[in-house]
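Same order as they appear, the protein sequences are chains A and B.
So the number in this note's numbering is just where the residue sits in the first sequence, counting from 1, plus 514.
So the number in this note's numbering is just where the residue sits in the second sequence, counting from 1, plus 514.
Careful, some of the hints might be misleading.
One copy or any two copies: either way a pair holds, since identical chains are not told apart in the list.
Taking lysine-lysine pairs in the DSBU-like style, the calculated list, with each CA pair at most 35 angstroms apart, reads [as the list claims (entries may be wrong)]:
#, residue 1, residue 2
1, Lys-844, Lys-552
2, Lys-685, Lys-546
3, Lys-727, Lys-546
4, Lys-727, Lys-552
5, Lys-552, Lys-576
6, Lys-576, Lys-743
7, Lys-636, Lys-552
8, Lys-636, Lys-685
9, Lys-727, Lys-576
10, Lys-532, Lys-743
11, Lys-727, Lys-532
12, Lys-717, Lys-576
No lab work stands behind these hints, which were simulated from the structure alone.
There are 2 protein chains.
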Amino acid sequence: MPQSPETNRRFVLNQRPKGEPDENTLRLETEKAPETGKGEMLLRTVYLSLDPYMRGRMSDAKSYAAPVEIGQVMVGGTVSRVVTSDVEGFAPGDWVLGFTGWQDYAVSDGTMMRNLGAAPTKPSWALGVLGMPGFTAWSGLGEIGNPQPGETVVVAGATGPVGGTVGQIAKIRGARAVGIAGGPEKCRHAVEVLGFDACVDYKAGDFEAQLEKATPDGIDVYFENVGGKVLDAVAPRLNTAARVPVCGLISQYNATALPDGPDRMGWLMGLILRQRLTMRGFIVFDDFGHLYGDFAREMTGWVEEGRIAYREEVIEGLEQAPEAFVGLLKGEAFGKRVIQVGPEE
Amino acid sequence: MPQSPETNRRFVLNQRPKGEPDENTLRLETEKAPETGKGEMLLRTVYLSLDPYMRGRMSDAKSYAAPVEIGQVMVGGTVSRVVTSDVEGFAPGDWVLGFTGWQDYAVSDGTMMRNLGAAPTKPSWALGVLGMPGFTAWSGLGEIGNPQPGETVVVAGATGPVGGTVGQIAKIRGARAVGIAGGPEKCRHAVEVLGFDACVDYKAGDFEAQLEKATPDGIDVYFENVGGKVLDAVAPRLNTAARVPVCGLISQYNATALPDGPDRMGWLMGLILRQRLTMRGFIVFDDFGHLYGDFAREMTGWVEEGRIAYREEVIEGLEQAPEAFVGLLKGEAFGKRVIQVGPEE
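Just chain A, same shape as in the assembly (with noise of 0.2 angstroms):
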């Protein structure tokens, strides 16, 4: 069902999901299409970000972020097109970078949304390179990472809108970026087209041999965004003084209860402890909002001399979202995911 001018199709959370999101967990609705009044502004869904941090608002774990309620629209990052518009600063036809969720359409009085104008050269990249993953990517790497000449970095989902962006600031700052990423053909992308030094399958059988290997010299900066397995291959090759920004934990989003033991909580404390480590957890507009400014000078300049490359993925249609999204916290996304709602025009 394609998007059409009189209804909203929209999915909200049906009930919160035990471990992997299933059918039962979103529910499509079909709705009138919403009316606008005085103030307000109607905006039609293009594109909708899929982003891991999606899975954290389906439970009422106690979080930074409030979860999103039952029967509520599924919260996401959006890049819409202006319908109609009683709004200063927004007309018909601009595209607008927001936060309008899983659905068709949205109405809103300007708050919180951002004007990208009326012919943005890749629309879709505001919600990646050039929106918060790459502000995630930038200020986490720069803010708490800190890597320096010479120096080596380490990040998984080394294809995706964060990994990817951090493997390249991290090599526009001088540092050996090596990337881990899943299969052959993401590792072969990220060294090729996104200039990682190495990038090492954590599927393969010799994970952590080919890790050591790529890291001769240990690691300084381990940018985490995964957690799990690979978390376990890097901690013993952190250097003294290591920085940590802990950005996410895709590999335990899922999780129901925690691993069998041993207990090694005592062991990264005593880890963080005899090499000097800092570990440092962050939330990117809550600690760096004020940055932001900075951060899109500079993206975008390097986004424009053909610095920083960019995957992305359109899956069509809304209704794949759900499906999408699980693929995406199983590893299954190369590049950017995103999902075309409705057409451009």
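Following the hints, position chain B against chain A.
This is chain B only, laid out in the frame that chain A set:
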């Protein structure tokens, strides 16, 4: 056997301990007192410091400092008096802060020695509040914890030379200081003498409930020097953007294996992420050595003004050192534990 001018008693590492050090870990040797050559001085040990880090030096696990070799004199901070001197700036009778180990005499060319002068007010305090432990508290809390007025700072070992100083500096900075100590007598001392706002007995059956009551607004800075069940109780109470200087993990130094599961390493990483925690391990002179002058000035001022109180536990006789050290690791010390190896005069 008292100190004698003719002989040097010394404890050397006899074998690496498995778990708690025992009577076979250290061996007492007696040799002829050493003689000095040109450009050297003879130092007679008066006070020997006992500190938890010494346990790490007994092991050969990878660490920030080289282990003591088998047959080598056990390392340790000392306050000594100059017996004879051919070193410029050191005269017979001067008090010297150094790192001459568990023995009566040492020969030095002055390298890494700090002359405390002919009549320091409290010579042994250079091993505590005015020395490495005080510097550890001052720099770890100031540079990593960075407590703000009204925030809550929690520290274990609240009557010890590090923890007691952490709490008092937290108070000077306008924060709420909550100590953790073993037993009601120590807790009373922490509150009544050191000025903590509250102190919780980790040996009490309702420890976690007491900690919750003592930290109604959560915990903004946790100065980690113990690990284990104290960390277990503190971790869930850490506020968003809390800071955790990791200075020591005394509860696990004697452990011979990881505890049983479940494995909470991923849980801790998740906590760092969700709560946007900063955890940073530090080794005081490696990380903050450049600040020693600032520390010495500020701390000396505070002590002279009576703003920082300090409790010391002096144990007579070098031969008592091994047992006193094992007791220190078990939390038996009440105040800074030093060994009086010889008379002041």
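**OP:** With 35 angstroms as the alpha-carbon cut-off, assign the pair Lys-727 and Lys-576 to within, between, both or neither.
**Re:** This pair counts as between: shortest inter-copy Cα distance 20 angstroms, intra-copy 39 angstroms.
**OP:** Go through the copies and call it for Lys-636 and Lys-685: within, between, both or neither, with a Cα cutoff of 35 angstroms.
**Re:** within (24 angstroms within a copy, 54 angstroms between copies)
**OP:** Up to 35 angstroms between alpha-carbons, please classify Lys-727 paired with Lys-532: within, between, both or neither.
**Re:** Only across copies: Lys-727 and Lys-532 sit 33 angstroms apart there, 38 angstroms inside one copy, limit 35 angstroms.
**OP:** Go through the copies and call it for Lys-727 and Lys-552: within, between, both or neither, with a Cα cutoff of 35 angstroms.
**Re:** Close neither inside one copy (63 angstroms) nor across copies (51 angstroms); limit 35 angstroms.
**OP:** If the cutoff is 35 angstroms on CA atoms, where do Lys-552 and Lys-576 land: within, between, both or neither? Let me know, please.
**Re:** Result: close neither inside a copy nor across copies, 37 angstroms intra and 68 angstroms inter.
Original post:
Between copies, within a copy, both or neither: which fits Lys-844 and Lys-552 at Cα up to 35 angstroms?
Top reply: neither (44 angstroms within a copy, 71 angstroms between copies)
Original post:
When no copy is named, should Lys-727 and Lys-546 be tagged within, between, both, or neither for a Cα gap of at most 35 angstroms?
Top reply: neither (58 angstroms within a copy, 52 angstroms between copies)
**OP:** Tell me, please, which holds for Lys-685 and Lys-546 at an alpha-carbon limit of 35 angstroms: within, between, both or neither?
**Re:** neither (50 angstroms within a copy, 60 angstroms between copies)
Original post:
Which holds for Lys-576 with Lys-743 at a C-alpha limit of 35 angstroms: within a copy, between copies, both or neither?
Top reply: both (25 angstroms within a copy, 22 angstroms between copies)
Original post:
For Lys-532 vs Lys-743, is the C-alpha pair at or below 35 angstroms within one copy, between two copies, both, or neither?
Top reply: Both: 22 angstroms inside a chain and 29 angstroms across chains, each within 35 angstroms.
Subject >> Alpha-carbon proximity context of Lys-636 and Lys-552, limit 35 angstroms >> reply: within (31 angstroms within a copy, 77 angstroms between copies)
Original post:
Between Lys-717 and Lys-576, at a C-alpha cutoff of 35 angstroms, which is it: within one copy, between copies, both, or neither?
Top reply: Both: 32 angstroms inside a copy, 29 angstroms across copies.
In the structure shown, a violation is registered for the earlier hints numbered 1, 2, 3, 4 and 5, in ascending order.
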